[in-house]
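Student: Here is how the chains run, residue by residue.
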Amino acid sequence: MFYRRLFDFPTRGLRSPLNELARLQQQMDKWQGALSEGAFPIPAAGVFPLTNVTEDKDNYYVRAELPGINSDELDIQVTVKGISISGERKIPVEGNNVKYHRREREAGKFSRTINLPEDVDVNKVDASLNNGILTVTIPKAEIAKPRQISIK
Amino acid sequence: MTDSETKEIQVKPKQEVAAPAEQTKPGMVFTPSVDIFETDRELTLLADLPGVTAESLTIDLRENTLTLTGEVEPFEKANEEDILIEYEIGKYYRQFSLSSLIDQSQIDAKLTDGVLRLTLPKVAEAKPRKIEVRT
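Protein sequences appear in the order of chains F and X.
End of the first sequence sits at 152 in the working numbering; the numbers just go up one at a time, nothing left out.
End of the second sequence sits at 135 in the working numbering; the numbers just go up one at a time, nothing left out.
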């Protein structure tokens with residue numbers, strides 16, 4: 001929530017009809033922008049990999065699409081304030097005698113740092129890489145968790 | 001790919017498909033990035049399909065049209081609240097017209113870490129043959 005208010009990130013998603021409306025609006029803006037500026041805006045930070053951050057009561061979830069990257073090629077560092085993901089995507093050379101028709105997949109190094117709104121517990125971070133999707137589960141620090149207050 | 005050692009990956013937003021056909025299910029459809037290359041014997045297609053499993057991927061080849069469809073199940077839990085959303089989750093769809101004749105019985109597909117590797121061998125007639133010129 002903090003991020004959204006501060007930087008006005010695109011909050012696209014199909015979670016509610018309201019969001020869907022916002023998305024439509026955004027798309028209209030995009031077309032309008034394309035007409036006047038001749039370029040599409042790059043989403044959010046514009047740094048690879050594109051990342052989604054969500055939260056529930058206890059954890060932050062950081063997800064990124066990293067197809068074709070092995071877990072040993074990834075370096076994930078979590079501090080109390082945020083997370084940094086870096087690595088290199090390698091696309092092996094396919095022999096000398098090949099003729100490329102299309103080459104859209106990109107190789108190269110990447111590094112991304114994301115600040116989290118609240119402090120986190122660095123000792124219980126869990127990361128998994130499944131079908132090219134990285135999921136990092138970061139528990140919130142005890143002090144940052146919401147607490148139920150009962151009224152006497 | 002000698003320059004890849006130093007190059008940084010540029011961010012590329014997911015490309016939404018304009019309208020492959022009338023959708024029966026709600027949700028967004030994206031075009032996967034692909035590499036396609038050819039040797040004398042076969043055509044190879046590499047596609048980035050993050051989140052697609054072997055069960056949810058359909059590869060269809062008929063009348064020289066290759067169709068890739070990958071369903072992605074939303075991996076967020078219902079009670080999660082968005083903080084920062086930079087990419088959408090949706091299915092993947094892309095069609096290709098194949099020019100050379102493909103041996104349909106020999107097609108091999110492998111999906112590892114969200115990357116599909118599709119090997120399409122050419123039929124014997126389509127493979128180039130060296131013709132000896134007699135003098």
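There could be a bad hint or two in this list.
Said to hold, decoys possible - Simulated restraints, written as ranges between beta carbons of each label pair:
1. F:Gln77 / X:Pro74: 24 to 30 Å
2. X:Ala109 / F:Asn96: 21 to 27 Å
3. F:Asn96 / X:Ala54: 28 to 34 Å
4. F:Ala127 / X:Glu125: 26 to 32 Å
5. X:Gln104 / F:Glu73: 34 to 40 Å
6. F:Gln25 / X:Lys77: 23 to 29 Å
7. F:Leu18 / X:Gln106: 46 to 52 Å
8. F:Asn123 / X:Thr112: 42 to 48 Å
9. F:Ala127 / X:Ala109: 17 to 23 Å
10. F:Thr135 / X:Glu8: 19 to 25 Å
11. X:Thr112 / F:Val98: 49 to 55 Å
As the list claims (entries may be wrong) - Calculated cross-link-like contacts (lysine to any residue; reagent style SDA-like; alpha-carbon spacing at most 20 Å):
12. F:Lys99 / X:Lys130
13. X:Lys7 / F:Thr135
14. F:Lys145 / X:Lys110
15. X:Lys7 / F:Thr137
16. X:Lys14 / X:Arg41
17. F:Lys99 / X:Ser99
18. F:Lys99 / X:Leu57
19. F:Lys145 / X:Thr67
20. X:Lys77 / F:Pro92
21. X:Lys77 / F:Glu73
22. X:Lys110 / F:Asp58
23. F:Lys99 / X:Arg41
24. F:Lys124 / F:Lys90
25. X:Lys14 / F:Pro139
26. X:Lys110 / X:Glu76
27. X:Lys77 / F:Asp75
28. F:Lys124 / F:Leu18
29. X:Lys110 / F:Asp75
30. F:Lys109 / X:Lys14
31. F:Lys99 / X:Lys14
Simulated from the structure, these hints should not be mistaken for lab results.
Where is the CB? At the ideal position from N, CA and C, for every residue including glycine.
Student: Please verify whether Lys109 (chain F) and Lys14 (chain X) have alpha carbons no more than 20 Å apart.
Tutor: 19 Å, holds
Student: Is the straight-line distance between the alpha-carbon of Lys7 (chain X) and that of Thr135 (chain F) 20 Å or less?
Tutor: 25 Å, violated
Student: Given the range 23 to 29 Å, decide if the beta-carbon distance of Gln25 (chain F) to Lys77 (chain X) lies inside it.
Tutor: 27 Å, holds
Student: Hey, Lys14 (chain X) versus Arg41 (chain X), does the alpha-carbon distance stay inside 20 Å?
Tutor: Given that 20 Å is the threshold and the Cα spacing comes to 32 Å, the pair is violated.
Student: Hinted pair, alpha-carbon criterion (20 Å max): Lys124 (chain F), Leu18 (chain F). Please report holds or violated.
Tutor: With a Cα-Cα distance of about 35 Å, the restraint between Lys124 (chain F) and Leu18 (chain F) is violated, given a limit of 20 Å.
Student: Holds or violated: the 19 to 25 Å window for the beta-carbon distance between Thr135 (chain F) and Glu8 (chain X)?
Tutor: With a Cβ separation near 24 Å, Thr135 (chain F) and Glu8 (chain X) satisfy 19 to 25 Å, so the hint holds.
Student: Lying within 28 to 34 Å: is that true of the beta-carbon distance Asn96 (chain F) to Ala54 (chain X)?
Tutor: Holds - the Cβ-Cβ distance for Asn96 (chain F) and Ala54 (chain X), about 31 Å, lies within 28 to 34 Å.
Student: Please verify whether Lys7 (chain X) and Thr137 (chain F) have alpha carbons no more than 20 Å apart.
Tutor: 29 Å, violated
Student: Is it true that the CA of Lys77 (chain X) sits at most 20 Å from the CA of Pro92 (chain F)?
Tutor: 35 Å, violated
Student: 17 to 23 Å was suggested as the range; check whether the CB atoms of Ala127 (chain F) and Ala109 (chain X) agree with it.
Tutor: Given about 28 Å between the Cβ atoms, the range is violated.
Student: Keeping to a limit of 20 Å between CA atoms, is the pair of Lys145 (chain F) and Lys110 (chain X) held or broken?
Tutor: With Cα atoms ~43 Å apart, Lys145 (chain F) and Lys110 (chain X) exceed 20 Å; violated.
Student: Would you check the hint for Lys77 (chain X) and Glu73 (chain F), treating anything up to 20 Å between C-alpha atoms as holding?
Tutor: Violated. Lys77 (chain X) to Glu73 (chain F) sits at ~27 Å, over the 20 Å cutoff.
Of the hints listed earlier, those the structure fails to meet are numbers 4, 8, 9, 11, 13, 14, 15, 16, 18, 19, 20, 21, 22, 24, 25, 26, 27, 28, 29 and 31, in rising order.
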